[in-house]
Amino acid sequence: MSLPDDHGGHRQDFRPLSDLEAQLLAVLLGTNFSGRDALAEQVAAASVREIDHNGSLEFAPADGTPAEVARRVPVEAELDDNDGVTIHVLLHVVDGLLKELEVYRDDSGRIQRVLDPGDLRLMVL
Amino acid sequence: MLLRSLRPNYVYDQPEMIVEQINNTTGTITYLHHDQAGSTRLLTGSTGTVTGKCTYNAYGTPTCEGTTTTPLGFDGQYTSSDTGLIYLRNRVYDPATAQFLTVDPLEMVTRAPYTYGEDNPLNRGDATGLSSWNPFSESFWTEGNFISESPLNPIPYYEAEVESYESGCGYIASVTHGLEGAVAGTALFAGGEGEDEADSAVADITFGHGARHLIGTGLDSGEVESAIQSQIEQSAAKASATGSFWGRTVVDGQTVEYRAYTLPNGTINVGTYYVSP
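Residue numbers (our numbering), protein chains in the order written: chain A, 1 to 125; chain B, 126 to 402.
So here's chain A without its partners, still in its complex pose (with noise of 0.2 Å):
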């Protein structure tokens, strides 16, 4: 059975993108792969609210420009957690638009740290 995905049992409203998020979202699409600058259109417009404990994004449903990409995960990351249990960043693309920033663990564990862009290891498939 999955873990819930509700985020203390209630919805969040939307709202602007945390400068963290932003910048999160910036090395993503800060390297080159299909769709890549449509994708980045709809980041500068875009508004999310968090889906789960670890920090994953839902994007609102928008109108922008849709994003010619090659797969629903067009770009994604990891990074090493405290413990040395990988975290993984995935960019999700629905019909060429933005859908979810999903953040988990390998072992679905809760993050333990601050998702610092720095630390991202990107990867495009």
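One thing to keep in mind: the hints can contain errors.
Below, simulated DMTMM-like cross-link-like pairs (lysine to aspartate or glutamate); rule was C-alpha separation at most 25 Å, straight line [what the hints assert, rightly or not]:
#1 K99/A <-> E21/A
#2 K99/A <-> E382/B
#3 K178/B <-> D219/B
#4 K99/A <-> D377/B
#5 K178/B <-> E145/B
#6 K178/B <-> D160/B
#7 K99/A <-> E41/A
#8 K99/A <-> D160/B
#9 K178/B <-> D207/B
#10 K99/A <-> D37/A
#11 K99/A <-> E348/B
#12 K99/A <-> D63/A
Label-pair distances were calculated between CB atoms; the ranges are [to be verified]:
#13 G191/B <-> T31/A: 51 to 61 Å
#14 A40/A <-> G347/B: 52 to 62 Å
#15 T222/B <-> D83/A: 28 to 38 Å
#16 R121/A <-> Q224/B: 33 to 43 Å
#17 M123/A <-> T208/B: 34 to 44 Å
#18 H53/A <-> A221/B: 49 to 59 Å
#19 G118/A <-> Q224/B: 41 to 51 Å
#20 D19/A <-> P238/B: 33 to 43 Å
#21 G209/B <-> E68/A: 12 to 22 Å
#22 G209/B <-> A62/A: 47 to 57 Å
#23 L247/B <-> M123/A: 29 to 39 Å
#24 Q12/A <-> P238/B: 36 to 46 Å
Everything labelled a hint here was simulated from the structure, so no lab data went into it.
No residue lacks a Cβ here, since even glycine has one placed at the ideal position from N, Cα and C.
Using the hints provided, position chain B relative to the given structure of chain A.
Showing chain B alone in chain A's frame:
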């Protein structure tokens, strides 16, 4: 183990090697003899009389003679008598063109979307359609990743795979490319699909995120997680070890990609999964 099929019955000597074919209509027994790469070279009857021979060119086109035939030819895998295409578990292969018909699910690892055995068939096999395999060292070159060290059992997959392919799906159960070389798991053992495999064990598999990614897809999380678990159990049973890996399975016609990691206690945690277009 005797595995029943709609047509002949087949007897395995090892989990991956079929050595006997029984004609259900006549009761005629045919023994299959293989070369080092697993291709069927010789067919003999119950008295030891040679009833058929096959040779293959480097890429698998057969030349056969004799009174007895078997669909299990090149690489010991199922060959369609109508098309000549060979079902290599995860993909369909055309020996006439030396190309697979669909992209290697391990392309990101192999960098070879359509070629057979890295285009080096004299030294490498590709019996699973996933990764180049040296039949003489019996090891995949992608060491440390979640890849079987030997081909999967063929017969349980054949009919479903043929049906899937003919209905327009290129493969039914592709799987597994490792991203990281780390091997942190323990060996897992799980039952195959044969009815008479009673003493199987089930891998301990947990799920993290994923269900929320099914919203709007019409898929049910229970159904998807069951499919993922089934695939991991089958694949893990063939792997010497697991670590961090990906997989892909098809549920109700939709491709679901998942990310998994083997915890120190041997449990495999599927961190996330989502429908991939």
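Status of each hint after checking the structure:
1. For the suggested pair K99/A and E21/A, the alpha carbons sit about 14 Å apart, so the restraint of at most 25 Å is met.
2. Among the hinted pairs, K99/A with E382/B is consistent with the structure: their alpha-carbon atoms are about 16 Å apart, no more than 25 Å.
3. About 21 Å separates the Cα atoms of K178/B and D219/B, which keeps this hinted pair within 25 Å; it holds.
4. Annotation: proposed proximity of K99/A to D377/B holds, straight-line Cα distance about 23 Å (limit 25 Å).
5. This hinted pair checks out: K178/B and E145/B have alpha carbons roughly 15 Å apart, not beyond 25 Å.
6. Proximity of K178/B to D160/B is assessed by CA-CA distance (about 12 Å); at most 25 Å being required, the pair is judged to hold.
7. A C-alpha spacing of about 14 Å is found between K99/A and E41/A, which places the hinted pair at or below 25 Å, so the restraint holds.
8. A threshold of 25 Å between alpha carbons decides the hint, and for K99/A with D160/B the separation of about 52 Å lies outside it, so the pair is violated.
9. Under the criterion of a C-alpha separation no larger than 25 Å, the hint pairing K178/B with D207/B is consistent with the structure, at around 20 Å.
10. A threshold of 25 Å between alpha carbons decides the hint, and for K99/A with D37/A the separation of about 16 Å falls inside it, so the pair holds.
11. A distance of roughly 23 Å separates the Cα atoms of K99/A and E348/B; the hinted pair therefore holds under the 25 Å criterion.
12. A C-alpha spacing of about 12 Å is found between K99/A and D63/A, which places the hinted pair at or below 25 Å, so the restraint holds.
13. For G191/B and T31/A, the hinted distance range of 51 to 61 Å is satisfied, since their beta carbons lie about 58 Å from each other.
14. At about 37 Å, the CB distance of A40/A to G347/B disagrees with the hint of 52 to 62 Å.
15. At about 51 Å, the CB distance of T222/B to D83/A disagrees with the hint of 28 to 38 Å.
16. A hinted range of 33 to 43 Å holds for the C-beta pair R121/A and Q224/B, which are about 35 Å apart.
17. Checked against the given bound of 34 to 44 Å, the beta carbons of M123/A and T208/B, roughly 38 Å apart, stay inside it.
18. The supplied range of 49 to 59 Å is met by H53/A and A221/B, whose beta-carbon atoms lie about 55 Å from each other.
19. Range check, G118/A to Q224/B: Cβ separation about 44 Å, and the 41 to 51 Å hint holds.
20. Judged by the Cβ atoms, the range 33 to 43 Å given for D19/A and P238/B holds: they are separated by roughly 41 Å.
21. In this structure, G209/B and E68/A break the distance hint of 12 to 22 Å, their C-beta atoms being roughly 37 Å apart.
22. Checking the proposed 47 to 57 Å range against G209/B and A62/A shows it holds: the Cβ atoms sit about 50 Å from each other.
23. Restraint check, L247/B to M123/A: a C-beta distance of roughly 35 Å satisfies the suggested window 29 to 39 Å.
24. Range check, Q12/A to P238/B: Cβ separation about 43 Å, and the 36 to 46 Å hint holds.
Violated hints for the displayed structure, listed by number in ascending order: 8, 14, 15, 21.
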